[in-house]
Amino acid sequence: SQQGEEDPQALSIQEGENATMNCSYKTSINNLQWYRQNSGRGLVHLILIRSNEREKHSGRLRVTLDTSKKSSSLLITASRAADTASYFCGENSGGSNYKLTFGKGTLLTVNP
Amino acid sequence: DAGVIQSPRHEVTEMGQEVTLRCKPISGHNSLFWYRQTMMRGLELLIYFNNNVPIDDSGMPEDRFSAKMPNASFSTLKIQPSEPRDSAVYFCASSLSTREKLFFGSGTQLSVL
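Quick note, the sequences are listed as chains A and B, same order. Just so we're aligned: 1 in our numbering is position 1 of the first sequence, and the numbers increase by one with no gaps anywhere. Just so we're aligned: 1027 in our numbering is position 27 of the second sequence, and the numbers increase by one with no gaps anywhere.
Same shape as in the complex, but just chain A (with noise of 0.2 angstroms):
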């Protein structure tokens, strides 16, 4: 089965709001990775939390992790028409031999 759950499922806002989207984890990772998938297009890389980190930032995105909660969050500020998208979290985890496993997402719409 697969691991990490993203909370909600489904986010509708305004352009020029910020957007939050949570990840919950079950298993002690050795990092956490958040994915952005445009409709119909393969998953692209957005930003990598290291277990020991506790933030990250990249441009208007910022990443939380909590590992005693074992729970990520990720914050877009200044939202834009082109942030509409389908947004993933996936748990890097596997003990010697570690993989990446991700949750069913969360779709962001920001309305123009």
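Calculated directly from the structure, the hints in this document are not laboratory data.
Dumping the calculated PhoX-like pairs for lysine-lysine here, alpha-carbon to alpha-carbon at most 20 angstroms:
(1) Lys-104/A / Lys-26/A
(2) Lys-1101/B / Lys-104/A
(3) Lys-69/A / Lys-56/A
(4) Lys-1101/B / Lys-56/A
(5) Lys-1078/B / Lys-1068/B
(6) Lys-70/A / Lys-56/A
Beyond 10 angstroms from chain B on every Cβ pair, some chain A residues (computed):
(7) Lys-56
(8) Asp-66
(9) Thr-109
Fair warning: this is a prediction, and the values are worked out from it, not measured in the lab. Don't be surprised by glycine CBs; every beta carbon is placed ideally from N, CA and C.
Since the structure of chain A is provided, determine the placement of chain B on it from the hints.
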């Protein structure tokens, strides 16, 4: 680099036929992953390779599915015989290692009638 290349982009076949999906990873990447995406089950990891060796195939749904990586620049996922419930988008992804970020191909949309 052209990125991860998958072929075909679309495949329509009839139940019982053999289907072969192909993937060319990014040059220099040591790890290769096959995923399947459906609305119902989301993104499922089917199998992954490290240095051309299969590491974990526990996600392969049945014996009808098989995957090979004969060299560092090519992998195949085969379904024989195919069934309608195999209809999905199949993604290949590669990375420098199993701990690093993945680069995904554009996927193969498989429809089994």
